[in-house]
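**Student:** Sequence:
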Amino acid sequence: MAARRVVVSGASIAGLSAAWWLSRTGWRVTVLERAAGFRDGGQNVDVRGVAHTVLDRMGLTEAVAAQNTTETGTVLVGPDGREVAELPSEGPDGATAELEVLRGDFARVLLDALPDDVEVRYDQTIDAVDERADGIALRLASGEELEADLLVVAEGVRSRTRDRLFGAQVERRGLGVAMVFGTIPRTPDDDDRWRWLTADRGRRVHLRPDNHGTTRAMLCLATADDLAALDRGAALERLRAAFGDAGWQAPRVLDGFATSDDVYVDQLTQIRMPTWHRGRVCLVGDAAWCVTPMGGGGSSLALTGGYVLAASLSGGDGSGPGIEAGLAAYEAWMRPLVDDVQGIPRGVVRLAFPRSALALRARNLVLAGILRSPLSRVVGRLFSVADDPRPLPELHATVA
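In case it helps, full-length UniProt numbering puts the sequence shown at residues 1 to 400.
Think of the hints as simulated: they come from the structure by calculation, not from any bench.
Beta carbons are placed, not taken as given, at the ideal position from N, Cα and C, and that holds for glycine.
Hints should not be assumed to be uniformly reliable.
[Stated by the list, open to error] Label pairs and their in silico Cβ distance ranges:
(1) ILE370 - ASP80: 19 to 27 Å
(2) GLU119 - ARG355: 48 to 56 Å
(3) PRO185 - ASP231: 17 to 25 Å
All chains should be built: construct the whole structure from the sequences, respecting the hints.
**Tutor:** Quick look at the structure:
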């Protein structure tokens, strides 16, 4: 029987994981990526929970570890920069995970590990999808047409293909938080720890080391306004107005963002859907279940989702009913894991972003007391996400 053909739209961590595992089980894989070339850079992501097992099975743990950002711990600081508390980092899944890497470095490891027969095509987007009984017909923006037995959509939280195919089934749940990520010059005062200031009026400033001789910075603001919808200049002006008196390194970060060519604005939005598949189309990663950095574990869910998808499909015969049954099994296994990470209580955002000086002081007193007590281990476990006691589904290389 001829090899089944799959098109993966999106060279994301989820897309590259799916491509790697589907190729291992005999699928002929084509990856489409809308960017003109591979995108390096990005902020910290990590490997947590069951994703450790997936990475081990890929034989890539050492390759990812070699790209570690050098971060060794996490400390909270006050407006004057003095340390207020240190968050637990014991074990592989503390506040600073054992495997902390930049998104681009992680994706590069996955890309380089793809088998030679996986085709990766850049500057490609899908314009139309024709779902047929015997497969999928795609029309690309270039006018080219592709045929496949399966379409895997891994285009991220703002996936156009997902929106086109699933429409009203896509629920966007805004968390009321803007996060702005950027790369700024490193200074002699920057060390090997994640340093983190929480200020009143829903503001946070983060500095993290990287393995490229620069510093990764992040500004977080509790706001109902969609800063991601603004152009870069307008968004940075809003940030300057909001963070001008936040203290610590806020002025440095604002100045660094003004000249950096690596700044990304995101309005935190969960994606929730009643189903992640229909017919011969399925979603994986943020396109299906964006958990946002507030939930954590997004990269781990993405990596795991690629494996579970391929494993769930590997036991079938490659027919239409076999593919649909495999997609249902994929969703049945992943859904409890995703639901657990997405279940952020509504009060967590307000606790994480105190609005008043009084609320900030109260939070700091409570947190300091917890971190000085045996309960500090409980705080450490809050960072243990994307974990599951269930064994991963078995992988069968049955698609010829």
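**Student:** Would you mind marking each hint as holding or not holding in the structure?
**Tutor:** Against the structure, the hints:
no.	hint	in the structure
1	ILE370 - ASP80: 19 to 27 Å	holds, 23 Å
2	GLU119 - ARG355: 48 to 56 Å	holds, 51 Å
3	PRO185 - ASP231: 17 to 25 Å	holds, 24 Å
Checked against the numbered hints given earlier, the structure satisfies every one of them.
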